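Please model the complete structure; the sequences and the hints are all you need to start from.
Protein chains in written order, with our numbering: chain E, 133 to 419; chain F, 133 to 419; chain D, 133 to 419; chain C, 133 to 419.
Given that identical chains are not distinguished, each listed pair holds provided it fits within a single copy or across any two copies.
The list that follows gives simulated cross-link-like pairs (lysine-lysine, BS3-like), each with its CA atoms no further than 27 Å apart:
1. K303 <-> K407
2. K303 <-> K293
3. K407 <-> K170
4. K338 <-> K293
5. K302 <-> K338
6. K328 <-> K338
By construction, these hints were calculated from the structure, which means they are not laboratory data. Predicted, not measured: the structure shown is a model, and the values here were computed from it.
4 protein chains.
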Amino acid sequence: MTRFAGSFMPWRAIHVSHPIYTDRAAPVHKEHRMIRSKVCTLDGDDIYIRGHDLLDLTEERDYVDVFCLQAFGEFPSPPMKRMVNALLVSVADHGLTPSVMAARFTLYGSPEAMQGAVAAGLLGGGDRLLGTISTAAEMLQAAARGLEEWTDDDIAHAAAKLVTQYRESKKRIPGIGHMIHVNGDPRSTRMFNIAKSCGYYGNYCKLAIAVAEEASRQTGRFMPLNAPGAKAGIILDMGLPPSAGRAFNLLGRTGGLLAHVLEEQQEPIAADAWKMLRDAAAQADGA
Amino acid sequence: MTRFAGSFMPWRAIHVSHPIYTDRAAPVHKEHRMIRSKVCTLDGDDIYIRGHDLLDLTEERDYVDVFCLQAFGEFPSPPMKRMVNALLVSVADHGLTPSVMAARFTLYGSPEAMQGAVAAGLLGGGDRLLGTISTAAEMLQAAARGLEEWTDDDIAHAAAKLVTQYRESKKRIPGIGHMIHVNGDPRSTRMFNIAKSCGYYGNYCKLAIAVAEEASRQTGRFMPLNAPGAKAGIILDMGLPPSAGRAFNLLGRTGGLLAHVLEEQQEPIAADAWKMLRDAAAQADGA
Amino acid sequence: MTRFAGSFMPWRAIHVSHPIYTDRAAPVHKEHRMIRSKVCTLDGDDIYIRGHDLLDLTEERDYVDVFCLQAFGEFPSPPMKRMVNALLVSVADHGLTPSVMAARFTLYGSPEAMQGAVAAGLLGGGDRLLGTISTAAEMLQAAARGLEEWTDDDIAHAAAKLVTQYRESKKRIPGIGHMIHVNGDPRSTRMFNIAKSCGYYGNYCKLAIAVAEEASRQTGRFMPLNAPGAKAGIILDMGLPPSAGRAFNLLGRTGGLLAHVLEEQQEPIAADAWKMLRDAAAQADGA
Amino acid sequence: MTRFAGSFMPWRAIHVSHPIYTDRAAPVHKEHRMIRSKVCTLDGDDIYIRGHDLLDLTEERDYVDVFCLQAFGEFPSPPMKRMVNALLVSVADHGLTPSVMAARFTLYGSPEAMQGAVAAGLLGGGDRLLGTISTAAEMLQAAARGLEEWTDDDIAHAAAKLVTQYRESKKRIPGIGHMIHVNGDPRSTRMFNIAKSCGYYGNYCKLAIAVAEEASRQTGRFMPLNAPGAKAGIILDMGLPPSAGRAFNLLGRTGGLLAHVLEEQQEPIAADAWKMLRDAAAQADGA
Numbered sequence: 133m134t135r136f137a138g139s140f141m142p143w144r145a146i147h148v149s150h151p152i153y154t155d156r157a158a159p160v161h162k163e164h165r166m167i168r169s170k171v172c173t174l175d176g177d178d179i180y181i182r183g184h185d186l187l188d189l190t191e192e193r194d195y196v197d198v199f200c201l202q203a204f205g206e207f208p209s210p211p212m213k214r215m216v217n218a219l220l221v222s223v224a225d226h227g228l229t230p231s232v233m234a235a236r237f238t239l240y241g242s243p244e245a246m247q248g249a250v251a252a253g254l255l256g257g258g259d260r261l262l263g264t265i266s267t268a269a270e271m272l273q274a275a276a277r278g279l280e281e282w283t284d285d286d287i288a289h290a291a292a293k294l295v296t297q298y299r300e301s302k303k304r305i306p307g308i309g310h311m312i313h314v315n316g317d318p319r320s321t322r323m324f325n326i327a328k329s330c331g332y333y334g335n336y337c338k339l340a341i342a343v344a345e346e347a348s349r350q351t352g353r354f355m356p357l358n359a360p361g362a363k364a365g366i367i368l369d370m371g372l373p374p375s376a377g378r379a380f381n382l383l384g385r386t387g388g389l390l391a392h393v394l395e396e397q398q399e400p401i402a403a404d405a406w407k408m409l410r411d412a413a414a415q416a417d418g419a
Numbered sequence: 133m134t135r136f137a138g139s140f141m142p143w144r145a146i147h148v149s150h151p152i153y154t155d156r157a158a159p160v161h162k163e164h165r166m167i168r169s170k171v172c173t174l175d176g177d178d179i180y181i182r183g184h185d186l187l188d189l190t191e192e193r194d195y196v197d198v199f200c201l202q203a204f205g206e207f208p209s210p211p212m213k214r215m216v217n218a219l220l221v222s223v224a225d226h227g228l229t230p231s232v233m234a235a236r237f238t239l240y241g242s243p244e245a246m247q248g249a250v251a252a253g254l255l256g257g258g259d260r261l262l263g264t265i266s267t268a269a270e271m272l273q274a275a276a277r278g279l280e281e282w283t284d285d286d287i288a289h290a291a292a293k294l295v296t297q298y299r300e301s302k303k304r305i306p307g308i309g310h311m312i313h314v315n316g317d318p319r320s321t322r323m324f325n326i327a328k329s330c331g332y333y334g335n336y337c338k339l340a341i342a343v344a345e346e347a348s349r350q351t352g353r354f355m356p357l358n359a360p361g362a363k364a365g366i367i368l369d370m371g372l373p374p375s376a377g378r379a380f381n382l383l384g385r386t387g388g389l390l391a392h393v394l395e396e397q398q399e400p401i402a403a404d405a406w407k408m409l410r411d412a413a414a415q416a417d418g419a
Numbered sequence: 133m134t135r136f137a138g139s140f141m142p143w144r145a146i147h148v149s150h151p152i153y154t155d156r157a158a159p160v161h162k163e164h165r166m167i168r169s170k171v172c173t174l175d176g177d178d179i180y181i182r183g184h185d186l187l188d189l190t191e192e193r194d195y196v197d198v199f200c201l202q203a204f205g206e207f208p209s210p211p212m213k214r215m216v217n218a219l220l221v222s223v224a225d226h227g228l229t230p231s232v233m234a235a236r237f238t239l240y241g242s243p244e245a246m247q248g249a250v251a252a253g254l255l256g257g258g259d260r261l262l263g264t265i266s267t268a269a270e271m272l273q274a275a276a277r278g279l280e281e282w283t284d285d286d287i288a289h290a291a292a293k294l295v296t297q298y299r300e301s302k303k304r305i306p307g308i309g310h311m312i313h314v315n316g317d318p319r320s321t322r323m324f325n326i327a328k329s330c331g332y333y334g335n336y337c338k339l340a341i342a343v344a345e346e347a348s349r350q351t352g353r354f355m356p357l358n359a360p361g362a363k364a365g366i367i368l369d370m371g372l373p374p375s376a377g378r379a380f381n382l383l384g385r386t387g388g389l390l391a392h393v394l395e396e397q398q399e400p401i402a403a404d405a406w407k408m409l410r411d412a413a414a415q416a417d418g419a
Numbered sequence: 133m134t135r136f137a138g139s140f141m142p143w144r145a146i147h148v149s150h151p152i153y154t155d156r157a158a159p160v161h162k163e164h165r166m167i168r169s170k171v172c173t174l175d176g177d178d179i180y181i182r183g184h185d186l187l188d189l190t191e192e193r194d195y196v197d198v199f200c201l202q203a204f205g206e207f208p209s210p211p212m213k214r215m216v217n218a219l220l221v222s223v224a225d226h227g228l229t230p231s232v233m234a235a236r237f238t239l240y241g242s243p244e245a246m247q248g249a250v251a252a253g254l255l256g257g258g259d260r261l262l263g264t265i266s267t268a269a270e271m272l273q274a275a276a277r278g279l280e281e282w283t284d285d286d287i288a289h290a291a292a293k294l295v296t297q298y299r300e301s302k303k304r305i306p307g308i309g310h311m312i313h314v315n316g317d318p319r320s321t322r323m324f325n326i327a328k329s330c331g332y333y334g335n336y337c338k339l340a341i342a343v344a345e346e347a348s349r350q351t352g353r354f355m356p357l358n359a360p361g362a363k364a365g366i367i368l369d370m371g372l373p374p375s376a377g378r379a380f381n382l383l384g385r386t387g388g389l390l391a392h393v394l395e396e397q398q399e400p401i402a403a404d405a406w407k408m409l410r411d412a413a414a415q416a417d418g419a
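Below, the structure is given as structure tokens:
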């Protein structure tokens, strides 16, 4: 298994850390630290991404190569590239979602600013719709803390402990359950198949499955691992941090949002959708 | 030359059209028209992009294939794919730009919502920074209206007419001029080279060059065609509408913004950048 | 008439100016100019708005007083304050608009980030929905250039010239026409009544009315001045720049968007609205 | 004490509730429920906010009256109105904050879309910068659960339990601690003074103070209650939900963001700020 990013980028702390208390002894007027980014540097008018000239990249590399270079620090291996493409494509579009409608409604009001429509669409890519993958990955990471051997028994034990904790605190377990596919989510199966062929089906994937099985056992109902849950295991087995999952989802969906925005410019539906909702509200108010 | 999108998608009207006057005879309470999108349809829980099952696309296609399918209605030919990749990569990142700083500052205030940081970064991708390509393409399109033969003379004549009009109305010509590369913009050359090898160096590219030459002639100063200007010609020669140019730029930059956001989560610079600006303001106020 | 802002703040150039051509003689590496804002300054931990201590303002002034101080440089006179309040209240909410639905859909996907929902709602406040006031004011400003006497004849002449120009270039005249109130827009009448009682019904209001009358004359159909058109005249008669109109509209609508977001948190409708649109799309696809 | 909203609007559930598990027995294709909003209804072209005609409100009420009506369901009493104004004004501006710089940088790239600049500024109003008030209020609400008598002893006991829990889980307590005002935050004092004069200094304010005192005791360092912490107590004593605190902050800051955007249109600093950061990065890269 080619663990990506594992060796060269210690994902120390994904969320901005807050000190527990403000320390009154702390110097308030410290010197400016270095303001720099390793992602991209400039030399006069030349642009370098992680040390590679952007003009050369433009001729020699495709977009996913360059995205991996930007985000994770090196070009992807062939299996890594296949996996990243699959993660991006799998969320490319899901129809007239709340995100897409937010983008189309925004374009209706602001036809001069296509970028605002795309931004409005992305703003709905949070904890409920596109961010579940990261929440699930954070949960798996926390559950795995302390695991050293990753035997099947260890994994089952960690899963049981996690499910019990979530049930006791009446919290929803992210990444499991599905409204329609009560016998299993075909997307999870497909993603795992791709992960297996790329070498990214590892301990975290097994832990994710164990969590779903344990939840089914404890509740007495079949609780399938859904697509965000499966992907949460995959990105951890790729050596990536939880927030990379949300990053893939946001990038993957951007293409779809742009396609809807381009379509809305030519064949608008926002006005009719607005009218439909307005009529429904009028009917409700009159009731 | 493989003109993309030319045959199957008549880009009739990119900007939302406004009727000149509201017609009081118009029926106000018409029936809902169809609310539908050709980009993506659902069948139960199955998702189809332009008729292709999303799960199959996930296994078989890469992200740029699927983006072209979504946005333009068909899979790209190999040269089209190379050109789209080049357009996306060429804007992947330009360092600590206003967009990147907006994203990093937003993450500072809202660490819980990575999507908000990316959205804030995209919001700066407008008329001045990422949208010039579209403005330039609209200008070229307008200048070409009426051209039938596209002989060298016709092109030179259209360019002369355009430059004269812009100079008379004291408007800036989008897509020409460069602060540093006063002897020519190497990015334009590179993009044209790729366009030539892909078969997208056509009449609009020639028109863009003619505009820059004419502007240099009329002003007596060398006015190079810059990268947005060159790309404006290319996307028109690809058979795409002006707004597709802005779409490429927004998608291309999204990857870079995500990379900066992931870096900011680990190695933040927003607080130091804020302090630097605050100190500069304090110094200015004290002056 | 108390012309606000007229004397103390020369609204020289509302839109960022672009040089016609980039001058290659321009020094590229100039020194940093002063980075400062007159709106707000800090002194250690103390905050001053236009020189007034924020803590004192908190005790002594209301929100509209402080907004005028921030935006226009001085506290409002009583009529100015009444007029500003009327401008803000008049756009406070218009039901389940595209903006409101964008906000509610965004909250659905990102319940963790209320600020993203409000931002998504504001993003639709552009050229078509909340920005018409500014477009109309820019048009009136341009039409008035050259007017010195503002006699009734001068105003009628400027209006005739403007309408003729717009009709020749087949552009929509912003601020006139109404779908429903074919005999006149009661909102315009109300706003003008308030403007009269506050002393802000002046030459620009008259010009706005003249434009509507002239358009009706030239088209042979009754073209009422609508609310954005009336307000465009009012803000210019207040001595404010066109973009102040869009600023009032964005601030006024923010309160409404927040109210909808708070309601959506308690009594959500986004999921049902989504389902309604999905069902409509399914029906259209099946047709 | 006039508890606002207490009687007429049961703030049952501010955060969107998630079922613990998806129930496979749940009907997937239920009928559309009513799509309606109590905030605003339309009758033909007439707009009603909570049953009040918007045109009448425009003439008779000021903006804060209408905002309270929209958001909380009734006009504010005089003390309520004073308190709301104080909450809004107190966050009106804090200088060249990350939010303000995000707005200014966004306007630089997209001068055509002022709404995008304001939206970018609001997007930074999250958990760290403008949202602490809500996080602190949620914490106080949770700590108060089970309290019946609210005697001084009960309050002290609840505060001790809360601080112990937070310290054990190494979480930061929102609303306490201040970098500069190590002897107490004058803003908290001022806000409490206004709250006392308005009748909103009640049990939650006392609990907030008790938490700060207990934290100081347990850590052996003085931990003042800061402004967001004080306001968290106040809004709960007003009978409002935690998210109302973030709503006040977002609305209050919108005015300031608009003032900065209007200033940036006239006297831009974004280009210079960008250059300063770029130079700092170049220096850091060269080191």
